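Asker: Chain W is fixed; fit chain S onto it per the hints.
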Amino acid sequence: MKFLKYNFKEQTNAAPLAVFRLFFGLMMFASIVRFWANGWIETLYLEPKFHFSYYGLSFIKPIGNYTYLLFIICGLSALFVAFGYKYRMAIITFFLSFGYIEFMDKTTYLNHYYFISVISFVLIFLPASAVFSVDNLRTKKKYLNIPKWTIDIIKVLLGVVYFYAGLAKLNSDWLFRAMPLKIWLPSKYDLPLIGNTLMQQDWFHFAMAWSGMLYDLSIPFLLLYKRTRVFAFVIVVFFHVFTRILFPIGMFPFIMIVSTLIFFEASFHQKIIDFIKKYILNVSSNDLKRQKRVSKKPLIIHQNYTFSSTKRKIALPILSVFVVIQLLLPFRSLLYPGELFWTEEGYRFSWRVMLMEKAGFTNFRVVNTKTGSSFMVDNKDFLTTFQEKQMSYQPDFILEYAHYLGNHFKSQGHKNIAIFADSYVALNGRLSTRYVNPKVDLYQQKENFKHKDWIVPFSSKIKIKGI
Amino acid sequence: MIKNFCILFISIALLASCSSSGEGEEVAVDSFDRAAMLTNFADNIIVPAYNDFSTKLATLKTAGETFTTTPDQTNLDALRTSWLAAYTTWQQVEMFNIGKAEELQYSFFMNIYPLTVADVENNISNGSYDLDSANNHDAQGFPALDYLLYGVADTDTAILAKYTTDANAVGYQNYITDVLNQMSILTAQVVTDWASYRNEFVVGVSNTATSPGNKLVNDYVYYFEKIIRTNKFGIPGGSFSGTALPEKVEGFYSRIYSKELALEALNGAINFFEGKHYNAITKGLSFNDYLLELDRADVSTAIIDKLAIAKTQINTLNANFYEQIMTDKTQVTLSFDKLQDVVQHLKSDMLQTFSISVDYADADGD
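Those sequence lines, one after another, are chains W and S.
For reference, each letter of the first sequence is one residue, going 45 to 511 in the numbering used here.
For reference, each letter of the second sequence is one residue, going 2 to 367 in the numbering used here.
For reference, chain W alone in the conformation it holds in the complex (with noise of 0.2 Å):
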């Protein structure tokens, strides 16, 4: 096995990893301000009385006007992060509270969030601020060389998020009913030049499918290979300016077109260092060698960086068992009975990117098992539309407000509380269903990993076929 003979002590460059750490910083950076600018901490943290929880993760909960704190020190240590100032502090401080952030609630799950959790869970153990970061300047100390599966790991971790989302890709929706690009592209019709022309074509809706499909699962290998790489970084940035375009997807485009430039050599990086010094920093060896004759103690050039024995031994396994991870985690949907797109068991966190278009109509009944008397729930009492929608088609999400209400309301002195819902949800453009067992107490149902039998199976004629 190739693998095995890994050899993890081969040095490369540091270049890409700081390169890779000053946009991946930077970014993050702009990514905060824009999440507060568009007013959303308000809309999404902070205006709806009930937050969504991730199973076991429900102490974690926005803070009031805290949560504008939390985000002033994501968006600094993500500064910190890009300057290499202070990193290791700055990396872990930007994990944990980006991290808070996205657990908050998980009405506002996207895979794109999830991927900057893992990249920088990851960036905690690798010495990316070995060269071209502050903290040289300020421990007098910078290496030329890095570890080589420091920078390996990103792309092993880029490689998973496009096969991956590729391999989910692979399903009769997608490749053979054209869904749901044929339900979003025609919307489009806004679009100069290709709104009313292209996004209305049948053709076009399969062959953006086909080519999607096999963007994902190829773009990772066409990378890794040198006479590919700029061929496949061409593609990467037309797809990810083209999908920009199509859909409100954020920053995540522009994310994923920097971290890509981590497949390119070091000299390339090293090239964008020298650009960055000389043009945006205005320092040249010059200056640097004024400095270093001004400062008392000279900056010392390491040749390599090498993890102590210690921090070898803690990062290796720690990191080794986190890849493993992220390579089974996303296939656990197969450990559920079902079709995994309607009962969603295994869906998140296995990067399946823009797959579906899910939409439901979900009304809770709170009975008195005693009288038998019962009322209907206003959703808009306790959710915001935001919340209500995707609460509509998400089982966790409807079993969790289903215990929710039952509490509230058990709280205001009802007694006997049995939660129905009465749950319709349509997928992909098929007619929608009915979603839940209607006679099932949901109040009842406890929140684990086991499949969630009281979702009524798919019942569509046309099934979803997919690996």
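These are computed hints drawn from the structure, not numbers from a lab.
Note that the structure is predicted; figures quoted are calculated from it, not measured.
Careful, some of the hints might be misleading.
As the list claims (entries may be wrong) - Pairs of lysine-lysine, BS3-like flavour, derived with a Cα cap of 25 Å:
#	chain 1	residue 1	chain 2	residue 2
1	W	LYS270	W	LYS49
2	W	LYS199	W	LYS49
3	W	LYS105	W	LYS355
4	W	LYS93	S	LYS227
5	W	LYS186	W	LYS130
6	W	LYS315	W	LYS186
7	W	LYS184	W	LYS424
8	W	LYS483	S	LYS339
9	W	LYS505	S	LYS307
10	S	LYS339	S	LYS307
11	W	LYS454	W	LYS490
12	W	LYS321	W	LYS341
13	W	LYS93	W	LYS130
14	W	LYS459	S	LYS330
15	W	LYS424	S	LYS339
16	W	LYS130	W	LYS341
17	W	LYS424	S	LYS227
18	W	LYS414	W	LYS483
19	W	LYS414	S	LYS330
20	W	LYS494	W	LYS507
21	S	LYS330	W	LYS483
22	W	LYS49	W	LYS424
23	W	LYS483	S	LYS57
24	W	LYS494	W	LYS150
25	S	LYS339	S	LYS312
26	W	LYS315	W	LYS192
27	W	LYS93	W	LYS184
Answerer: Here is chain S on its own, set in the frame of chain W:
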């Protein structure tokens, strides 16, 4: 290398522009004309409905003036007749909560029920009140007139006494006048604005959360779910409270018009879905045509069928919803359920098919 990248980026830009304009041959243009649909809505449905309503409201206002000048049985009867005519026509315009109507929160001043009688009585006895205040939403509009014309006393003689011999007869008269003035002023603003808004509206086809076309779809679904299903049937029938709340029916004080008003609203919603011209049988482009254009005859059929079922069920009800709920509320709950079946298709199927940018939070997607 940097230079290479500049070249790269330029070539990408070229590539991008080629792919958008380079498809030289004539391709079939999206054949559904959204602008034509909006034009049909505006010119054949919304504006005629508003004009009709405006006329009916003018008649109502005149009848109100006649009555307050000479409060006798004849004038009371005439006022009641024109109130019902205007209230019925109102059911045809309440769903167009767009443009000026949205800006003014027009419907909040016209038809919030149940009425808070205490507020009305306090206003009348105090003599000073601000009908523009949100606190008075539930003390004006059609429900206030419903109360003032039918509910202030038990018999017509006693009602007339309120406007003639009552210690505060002038206060009662003034309140009718003020409520009608408020309704007329707001309506005039909305109707006048449509003259200019119309042109903005009919071209508002862009797929953004704020475009008139998209807002109209969202408003329609909201209107159906909240104003028709919930307010007219769900709340009084007890669907949201367990116990029936018959005093929350629309037209509570006049008692016998709830069904008429509800059916008018449902007919309005059905006609609008099918693009039927106001008070005519001709049909123009509609949501239904749009669904068919997008190859979703199944959704169209489901909605039309369920609408018909709901209408049939509502037709079985007593004209007096209060009485219906008191004697057999299950028929009202059943009506609610039938309307709910329609909402299911509007909300999950129709919204999905249109793939419009909904006015939910405009957060990022994946």
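Asker: Against the structure, test the hints numbered earlier, and report the numbers of the ones violated in rising order.
Answerer: Violated: hints 3, 7, 13, 22, 23, 27.
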